[in-house]
Amino acid sequence: MHKKRGEDHFSKDHALKPCSRGVGITLRLFTLILTLLILMVINHLVSYRQNIKVTTAFENILKEIPHERAIYEIQTAITDYIMPANDFLITENPGELKTAKVLERKVQEALNHCYSLSRPQELPMINRIREDFVRIKFLSSKIMSSDVSQREVAGSMMKEMDNLAVSTRNHIQELVRIHDKHMAKSRNEAEYAWRSANLWMIAIFIMATIIGLTVATYISLSILRPLKLLDESAQRIADGNLEKLLRIERKGEISSLANSFNQMILSLRHQIKTSKTILDAMADPVFTVDMDMNITYFSPACERLTGYTKAEIMGRKCKEVFKSDICEGQCAIKCSAKKGTPTLNVEVQIQTKDNRTIPIMASASSLKDERGEIMGGCEVFRDISEQKRMTRELKEAQEQLILSEKMAALGRLASSVSHELRNPLAVIQNSTYYLKNKIDSQDPKLQRHIEIIEHEIESSNKIISDLLGFCRTRKPELAPEDINTVISSSLSRLKLPANISTRLDLAPGLPSVLIDKHQIHQVLVNLISNAEHAMLKRGGEIRITTRGNHGTVEIEITDQGYGISPSDLEKLFDPFFTTKTTGIGLGLTITKSIIQNHQAMISVKSVVEQGSSFIISFPIREAVGQSP
Amino acid sequence: MKILIVDDQSGMRETLIDILEEAGYEVDAAGDGYGAIEKADQQFFDVILIDIIMPGINGVDTIKEIQRANKRPGRKTEFILMTAYSAETLIEEALSCGIYQYINKPFPPEQIISLVEEIRERRTGD
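Those sequence lines, one after another, are chains Z and R. When we follow numbering that gives the first Met the number 0, the leftmost residue of the first sequence carries the number 0, and every step to the right adds one. When we follow numbering that gives the first Met the number 0, the leftmost residue of the second sequence carries the number 0, and every step to the right adds one.
Among these hints, one or two may not hold up.
Said to hold, decoys possible - Ranges between beta-carbon positions, derived for each pair:
no., chain 1, residue 1, chain 2, residue 2, range
1, Z, Asp442, R, Ala22, 22 to 32 Å
2, Z, Arg537, R, Pro54, 48 to 58 Å
3, R, Gln110, Z, Val606, 35 to 45 Å
4, R, Pro54, Z, Val416, 18 to 28 Å
5, R, Asp40, Z, Gln598, 49 to 59 Å
6, R, Asp40, Z, Val416, 51 to 61 Å
7, Z, Ser500, R, Ala22, 37 to 47 Å
8, R, Thr123, Z, Ala497, 31 to 41 Å
As the list claims (entries may be wrong) - The list that follows gives simulated cross-link-like pairs (lysine to aspartate or glutamate, EDC-like), each with its CA atoms no further than 16 Å apart:
no., chain 1, residue 1, chain 2, residue 2
9, Z, Lys62, Z, Glu159
10, Z, Lys435, R, Glu109
11, Z, Lys437, R, Asp17
12, Z, Lys322, Z, Asp353
13, Z, Lys474, R, Glu87
What the hints contain is simulated information worked out from the structure, not anything from laboratory work. These figures come from a predicted structure and were not determined experimentally. We put the beta carbon where it would ideally sit given N, CA and C, even for glycine.
Take these sequences, add in the hints, and give me the full structure.
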């Protein structure tokens with residue numbers, strides 16, 4: 000159905016049916032009939048003249064027939080005229096004279112008739128015959144008026160008359176010859192006229208054919224060719240190719256039709272371009288499929304997200320490309336394309352060309368043709384990895400906030416209780432002191448119990464101090480400080496047991512860092528106290544190192560204690576987590592809180608039974624000069 | 000040498016009186032700031048141990064009032080501020096008034112005795 004997949008959704012089925020074939024046949028028939036009509040008209044015009052010629056020629060021939068008969072009548076009449084004279088000589092019947100008179104009239108009539116029909120050139124011959132007949136008539140009358148005595152004379156006259164008859168016959172033959180000549184001429188003329196008429200007909204036929212063909216060609220060129228172009232153009236549009244416009248230079252209806260057609264192409268082009276521009280410009284990826292789930296459109300945003308190019312995707316199966324987790328199941332676009340109902344906001348995972356898995360939110364709908372039949376599906380989706388990340392971060396932040404609020408509430412409670420406990424503790428301490436001085440020192444058990452009270456007061460005080468420290472994580476008051484000085488100052492206030500030594504490995508000339516020195520002092524005291532606690536039994540060395548490292552100043556505090564197990568490392572900074580028998584597990588929580596408030600980092604590495612190492616990295620802020 | 004103890008907690012007052020009297024000092028006590036001001040007005044105290052948070056008038060204001068009222072030439076009362084709270088602003092204010100020391104509750108009573116001893120020695124030296 001889609002000849003050029005993805006380029007369009009135009010179907011050949013819906014293209015204009017070519018109509019020029021029917022028109023072509025009609026036009027050709029029309030041309031043929033026109034040609035025949037032209038042929039008939041010209042034939043009629045030309046043959047009229049030719050017919051006149053032929054008719055004239057035949058009329059001439061027909062005219063010669065009575066003429067010939069008239070000539071022969073003369074001969075017959077003259078021959079008949081001689082007969083009575085001859086008979087008279089034999090029979091001497093006077094009736095013959097009468098017969099001769101009748102025959103003489105016949106001869107005269109024949110001569111006159113022939114004369115009237117003759118051509119001028121025949122007239123002398125007829126006159127000669129007439130003259131001969133005058134002599135014959137004279138001789139005949141002489142013969143029939145003579146008597147027997149004059150027989151001999153009559154005989155010679157008869158002889159002369161016969162001679163004259165022969166002469167007349169010769170003249171007549173001459174006439175016949177002349178007549179035959181004319182007759183032949185007329186026949187030739189008729190024949191020529193007839194042939195010429197035939198030739199004209201052939202010529203007209205050829206001419207008409209040529210004219211007909213010319214007219215047909217003209218019609219073909221002026222009507223059929225533009226129609227054929229229109230048909231081809233319609234076919235191209237049906238195939239979705241809108242690149243070519245029609246070029247018809249002729250004026251008239253066809254040109255107007257072509258212009259309308261071009262307008263239609265331009266309008267379609269504009270519409271398709273607009274739709275395509277909108278689709279291409281969409282920030283969210285869009286693609287379409289046909290009923291076989293072959294991709295027919297793949298938007299630039301799709302290309303960017305998946306890493307595939309349009310060229311390598313077109314016509315491929317949707318599931319081969321996206322490799323989604325639901326391709327075989329509840330695929331959104333498949334559901335929409337099969338059922339015709341939209342599928343909204345389905346969260347799925349797809350794979351990119353470089354095999355990354357991306358979570359997407361997809362919505363699909365069916366594509367319908369103009370008859371309302373489903374021809375495929377269209378899916379628009381959105382990369383929700385960023386959204387998911389943000390949701391996760393938000394959740395974490397919320398959890399952190401809830402934890403902070405809980406801690407703050409706990410802190411307020413702890414602070415209030417701690418303060419209130421300090422007063423009675425102080426009184427207990429005073430009383431213990433008084434009792435210690437007053438009680439009989441001879442009883443060692445009494446002394447021991449007083450020591451226990453003093454020790455527990457100290458422990459209680461430590462718990463209160465830790466709790467208060469935890470509650471007092473105020474905003475640091477930052478000032479540029481030399482970290483080495485802060486470390487030395489903190490160390491000078493600590494009193495370490497004899498079996499634990501310290502080694503300072505402080506890099507000289509480190510840049511100043513922006514810190515609250517009281518808080519950092521608290522941090523250092525915390526970490527060093529922890530180190531001390533870890534080495535209390537076995538003894539060892541606490542090494543404190545400072546160094547500059549990629550825009551940071553680092554403090555590393557390493558002990559040689561019993562180390563921290565990996566499971567404990569995870570919970571190390573959690574509030575109230577402790578491995579010690581004393582303290583409530585807030586030291587490192589407070590430490591981390593202070594460090595975070597300084598925009599600094601704290602990390603720990605530890606090997607069980609070998610020791611732990613805490614590293615604090617302070618960022619070197621700009622506009623902070625070198626330490627003096 | 001006369002010491003005045005100012006604390007709203009009777010236990011604290013009583014124990015401190017006993018400890019300091021045992022150490023050989025003449026000790027008086029007041030339950031709030033007003034009582035302290037009144038007592039300091041009636042007689043001179045070398046050392047006043049004063050709690051910072053008390054009902055009515057707080058320790059710092061009491062110190063200020065006593066300092067303002069008792070302008071005896073040549074004799075100066077030293078103040079030791081006792082605090083159970085992290086009342087940093089008040090502590091700073093007290094420090095600016097020229098107090099001798101501040102100590103956090105609970106404190107070892109030896110610390111109080113040594114501080115008072117320190118003041119006494121200084122006075123004797125003078």
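Status of the hints after comparison with the structure:
1. Z:Asp442 x R:Ala22: 22 to 32 Å: Since Asp442 of chain Z and Ala22 of chain R have Cβ atoms about 24 Å apart, the given range 22 to 32 Å holds.
2. Z:Arg537 x R:Pro54: 48 to 58 Å: holds (52 Å)
3. R:Gln110 x Z:Val606: 35 to 45 Å: holds (42 Å)
4. R:Pro54 x Z:Val416: 18 to 28 Å: holds (20 Å)
5. R:Asp40 x Z:Gln598: 49 to 59 Å: Given about 53 Å between the Cβ atoms, the range holds.
6. R:Asp40 x Z:Val416: 51 to 61 Å: Check failed, 37 Å falls outside 51 to 61 Å.
7. Z:Ser500 x R:Ala22: 37 to 47 Å: Given a distance of about 39 Å, which is inside 37 to 47 Å, the answer is holds.
8. R:Thr123 x Z:Ala497: 31 to 41 Å: holds (37 Å)
9. Z:Lys62 x Z:Glu159: violated (36 Å)
10. Z:Lys435 x R:Glu109: Status holds; Cα separation ~12 Å.
11. Z:Lys437 x R:Asp17: holds (11 Å)
12. Z:Lys322 x Z:Asp353: holds (12 Å)
13. Z:Lys474 x R:Glu87: holds (14 Å)
Consistency with the previously given hints fails for numbers 6 and 9, ordered from lowest to highest.
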